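**Student:** Start from chain G and add chain F according to the hints.
Protein chains in written order, with my numbering: chain G, 1 to 301; chain F, 1 to 439.
By construction, these hints were calculated from the structure, which means they are not laboratory data. Please note that a few of the clues may not be correct.
[What the hints assert, rightly or not] SDA-like mimics (lysine to any residue), calculated; alpha carbons at most 25 Å apart, straight line: (1) Lys101(F) with Asp126(G); (2) Lys400(F) with Asn59(G); (3) Lys187(F) with Asp144(G); (4) Lys243(F) with Ala269(G); (5) Lys120(G) with Lys400(F); (6) Lys120(G) with Lys187(F); (7) Lys243(F) with Asn150(G); (8) Lys226(F) with Val280(G); (9) Lys243(F) with Ser140(G).
Computed from a prediction, not measured in an experiment: that's the story for all the values here.
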Amino acid sequence: MNTLFAILIDGMIYASWLFLVAAGLTVIYGVMRILNMAHGSFYAIGAYSAASLVGWYFNGDGDSSPYWSYALLLGCALVAGLVVGLVVEQGLLRFMRGRDETLMVIVTYALLLILEDATKLLWGVDPYFAYQPYRLLGQSAVGDALSFANYDLALVVVSILVGLAAWYALNRTNKGRLLRAVIHDREVAMAMGVNVNVMFAVTFVIGSMLGALAGALTAPAISVTPGIGIEVIVLAFAVVVVGGLGSIGGAAAGALLVGLTRSFAVHLAPEIELFVIYGVMFLVLAVRPQGMFGQILARKI
Amino acid sequence: MRVSRPSARKAGLAIAAMSVAVSAAFAPAAQAADNGKFRLGIVTFLSGSAAGPFGVPAANAAKLTVEALNAGALPAPYNKKGINGMEIETVIIDENGGATKQVEEFRNLVQRQKVDAVIGYISSGDCLAIAPVAEELKTPTVFFDCGTSRLFETVKSPKYSFRTGLDAVVDNVALARYVTETRPNLKSVASIQQNYSFGQDSWNDFILTLKHLKPEIKVVSEQWPKVMQGQYGAEISALSVAKADLVHSSFWGGDMEALMLQGSARGLFDKSPIALTCGDTGVEDFKDKVPNGVIIGARGPYGIFAPQNPLNDWFRPKFTAQFKEWPTYPAYKMVQAILAVKASAEKTGKPNAMPTADNVIQGMKGLTFEAPSGTVRMASAGGHQAVQGVSYGEYQYDPKTKKGSVTKVKSYAAECLMPPDGTTAADWIKAGMPGAKCK
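With the rest of the complex left out, here is chain G:
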């Protein structure tokens, strides 16, 4: 019973983390058709910003409540994502609009390498820690053997909120409807007076902020070291490909499927853990090459 419970909770926690990482990637692809390899760098920049700011906060001698560190986590992620996203979009991607999707993969891959080096230049290669917010919320015991960090459980709630907010913004607001019009047919949307350039810039910044948010929320649980961005981008791609590129619902379903399957593997057959994520990807794509929620687009003539 303990094992089954652990599988479900662990699967949910891992899925929520995967969804947070993949959400920005899928939003950008859905609107701009850019497979943004640099998303891993946004994640790393969010993690480094959060770790250094939270570290600075707790190293100070002030009497402020430690709970302010959560506001710092969120705030610095949003600011870092906003600044980096805006610079990248306006400084580089603006000039690449309309290019082939494959070329954009290469461009954003180059950007990933540049940002990796920039991260090392700014923060060095020593590990950063921001562990206080992770421990601050305490733990919840389940039976005599099992306990979970409340911070991890809170992440499940945050990822559900992010998913709901993205769904609401896309489906229930005027700006969201305009965005869907752009996704559906860029040329017609432009002809109808939609400022596609602004739409693209805003979308990219939101995507980069989501990437930085995922990094910042992960930072308290890990040692923030060089290379975390590259590690995470592979997983994020696996999730969005399984779910169907460009679909928020797909990213959520893909994250849940991968998270739960991996959790089953860790508890019941740990020796196949490395293989299982790619096994899921293979099986899904063998049945539905466009992913679980992906749509087959009609070719324009």
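**Tutor:** Just chain F now, with coordinates in the frame of chain G:
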């Protein structure tokens, strides 16, 4: 704008010519073999996940030691300037990028940069790839950190390859002895290792030895996450459910620190204490994040376990003052490798003359030399592999000083941990470790 073909061709030729000119101007010139300086290639991780906890401390230790040697500022027996009186010049290379790239870089170091010797390699994969090339290029090469026990199985009759640190077998044999002595009621053990050769070999060596020392021991869980996974929630749950009396892990660097952070926050190590073979690099950062009693190793008598001697009295405070952190085991092992080259060259070289490759390799084979970690004997693998003892202890945090330390330290002599020359570790352990001399 339309570009005509001839002008495009001219532009292409111009760009090509400029590229050649620029690369010729900025390419590192092939140096003369003898510029009066002993040129030392240093290879360690300067980027990637292993840079922070391993590569950079090792590079810092190399810089500090070479500067001090050139100034003649080291305690005896290393108070003669440079190496055999020759000033030392270093060429530092990043180990990141994989074995194929490292083989290219090694050839570049030897053939273009004309180094007199190479010290390097943290990754076991890189060591295994470089050793045959070192033999082919006849260049003295000292592996300072990598732990694979297969190094001198791959190069069976080494001439130019040496390892001045210990392999991973002794870590785990020593740890198995430590836990059976300090925890006589141990009945079950669990494992969490990075899923690659170092993790797999470490666990195999540990459990093989433990089962020999304590045949009734039960393995209740084995977890195999990938390197740099970062998130260990499910693995921690699986280990919690398994309720082992001890968890063994060869995790290193950021992965080790993340595991400790997450496991401690969930109370895992209060129920199932953990033993870390590479825990030394985390001691300065652990503070109150991990519970007291975590078993810590440093892959030998390095880092926090280094003994008091004149060399350590020089090295530890100098490093701490200069780099604002304690020297951990990779830093100690780098100093050890540099001192081994110096001791070898000065043992066989003509006085105040540039040491040859033959001087270095003849001097190092079977050498006994002093290091901040104590006396090192090159007494295994035909005189090419260092032999030293290993220490383990338990982490203890002092909230007043906000510093961690190790208590209940036990040290094991090399004779208690290492198979005789010519016998593989696995065969030796399976045979009941014949000839092991323990106190």
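**Student:** Hints first: check each against the structure and report whether it holds.
**Tutor:** Now for the hints, and whether the structure bears them out:
1. Lys101(F) with Asp126(G): holds (24 Å)
2. Lys400(F) with Asn59(G): At roughly 16 Å apart (the allowed maximum being 25 Å), Asn59(G) and Lys400(F) satisfy the hint.
3. Lys187(F) with Asp144(G): This hinted pair holds, its Cα atoms lying about 19 Å apart.
4. Lys243(F) with Ala269(G): holds (18 Å)
5. Lys120(G) with Lys400(F): Violated, because 34 Å separates the two Cα atoms, which is more than 25 Å.
6. Lys120(G) with Lys187(F): The hint is violated at about 45 Å.
7. Lys243(F) with Asn150(G): Roughly 21 Å between the alpha carbons, so the hint for Lys243(F) and Asn150(G) holds.
8. Lys226(F) with Val280(G): holds (17 Å)
9. Lys243(F) with Ser140(G): holds (18 Å)
The structure is inconsistent with the numbered hints 5, 6, although it conforms to all the rest.
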